[in-house]
Amino acid sequence: MSSTATATATAAPTASAIQRSQVDLVDFIDWSGVECLNQNSAHSIANALKQGYREDDGLNVESDADEQLLVYIPFLQVVKLHSLAVKGPEEEGPKTVKLYSNREHMGFSNVNDFPPSDTVEFSAENIQAGKPVVLKYVKFQNVRSVTIFIEDNQSGGDVTKVQKIAFFGTTVETTDMKGLKKIEDH
Amino acid sequence: MVLEATMICIDNSEWMRNGDYTPSRFQAQADAVNLICGAKTQSNPENTVGILTMAGKGVRVLTTPTTDLGKLLACMHGLEIGGELNIASAIQIAQLALKHRQNKNQRQRIIVFAGSPIKYDKKMLESIGKKLKKSSVSLDIVDFGEEDEGKPEKLEALLTAVNNNDSSHIVHIPPGPNALSDVLISTPVFTGDGEGGSGFVAAGPAAGGDYDFGVDPNIDPELALALRVSMEEERARQEAAAKRAAEVASSQNQGDEQSSKSQDTTMADTTGASAAVATDAAEPMSEVDALLQQAIALSMQTPASDSAVRDTDMSEANNEDQDLAAALQMSMQEGEKDSSGQMDMSEVLEDQAFVSSVLASLPGVDPNDPSVKDLLASLHGKSESSDQKKDEEKAAKDDEK
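Taken in order, these protein sequences are the chains called A and B. Every letter in the first sequence is one number past the one before it in the numbering used here, and letter 99, counting from 1, is 99. Quick note, the numbering used here runs 186 ahead of the 1-based positions in the second sequence.
Incorrect hints may have been included.
Said to hold, decoys possible - In silico DSBU-like links for lysine-lysine, alpha-carbon gap of 30 Å or less:
hint: 1; chain 1: B; residue 1: 316; chain 2: A; residue 2: 164
hint: 2; chain 1: A; residue 1: 50; chain 2: B; residue 2: 317
hint: 3; chain 1: B; residue 1: 290; chain 2: A; residue 2: 50
To be verified - Covered by chain B, per the in silico footprint, the following chain A stretches (three or more residues, Cβ under 8 Å):
hint: 4; stretch: 34-44
hint: 5; stretch: 58-70
Calculated directly from the structure, the hints in this document are not laboratory data. The beta carbon of each residue, even a glycine, is placed where N, CA and C say it ideally should be.
From just these sequences and the hints, can you work out the full model?
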């Protein structure tokens, strides 16, 4: 049913990503820890991740010094990632995207030090449509944080633009420590 | 108060022997580095600073980013001058050192002192700058020393490659009468991204100028106030020390035994008073006072033996005594006002012997002074046995003489 993740995403049944109680994980992103290296300060990562901003195709995150981007997204609780949706313009949208789960504080220098948990290559139509692509679910069973490394873009130019990044998946039963209330002693 | 990890890259190449900055380029650079270390660690206690040398046999990291100012100043000693500047690998190694900083929340900054000619070309520097920008590292460049052709342009190109939102700066300092560090203080290298380096200006050479302490009261009123208060305290302390020295000198002339005897009496008075005070029920205040009195008495005893040597110790004790005296005075005055809640306080006050011995044993407070007498009288006006206590007070004063 689902293709291997390294092949292009066209064969993946994208509709099934939303089935079976896979939710949009935007609510579970820990915004205080989100970082993006090499982003243009005028076009920041919030434009691609936050609800409302990402729907707007005029707002996008742009790369600064060169075409690579490194996005670090921690989650508020442990999640399983099922699929990933990336939307961008035809020319400057991302092509090769590597995902690393549970690696903190990566830099451009050590992206090549260990293999990615998954790699997705987008074709021009995919990236324009922005349909979710199924990931190697088995690799993303216990995810506290995910790092997205956008290696190059469709046209090979100097600037990469991304309009939307969304994750779909489910949460693992984790205790939300903030919700714990002290039992009153009587 | 930005939380930052900084790597300072020092130029210790042969060009640093030159004396166009007093006393030599290397010394001027070292002073500037010391000042920067101090400023960074002061502006935020969690800031870390590391140092590496760029020339010599090769790039060498002297300290990895640390908060310990002593360590930073210590490793500036014993540095040897020689070799040639290797700016490219220095910046890369600095970047690596910053990458492995312990607190990942700190922003990354590299400060480069470029005093000798740069042999790399613009392209190379620009690519280095780009890498720094990608990893969001800010760069400050201090261009001094050798006025090479193309050096300012190369450094400017490096800066534009790195610069992200004006977080990186470059400073060109030509040789001149002013010290390198003085010129640096007013630059953004010191003041960070527009925040107050003014607090540190006060500590360094007074480049601030117009105001008393080089601190603008408008910018930083609390710091200006604190500085003013500490100046006054220092002045008061020195006056007290001078007074104390005169007093001790005069009492020594009367004879050591007599003075020590009077000290003992005072001590006895104090301990007796404090014992009486201590017997009062459930008074945490009195225990504190008792301890204070013992401390004062102890400090009073030491000058009897060797005042000449102990003058400095005494002056410190005086300082504490004055603080204690001030605290006691304040607490006594408060006790006067609030009689209902301060029953125990008034009992302490009524212990005339105790109070008078306290006042008598304090330097600079002459019990025969009419104002002090009035104060004592007013404090103990309510007590029935005031006459008896006045006798005790007189006895205590006689002993003191």
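Review point. Holds or violated: residue 50(A) with residue 317(B), Cα cutoff 30 Å?
Key: holds, 28 Å
**Study point:** Agreement of residue 316(B) and residue 164(A) with the hint, judged by alpha carbon distance not exceeding 30 Å
**Key:** holds, 26 Å
**Study point:** Proximity test - 8 Å, beta-carbon atoms, the stretch 58-70 of chain A to chain B, at least three hits
**Key:** holds (count 4)
Review point. Within the stretch 34-44 of chain A, is the number of residues with a Cβ closer than 8 Å to a Cβ of chain B three or more?
Key: holds (count 3)
Exercise for review: Would you mind confirming whether the straight-line C-alpha gap from residue 290(B) to residue 50(A) stays at or under 30 Å?
Suggested key: holds, 24 Å
Taken one by one, the earlier hints all hold for this structure without exception.
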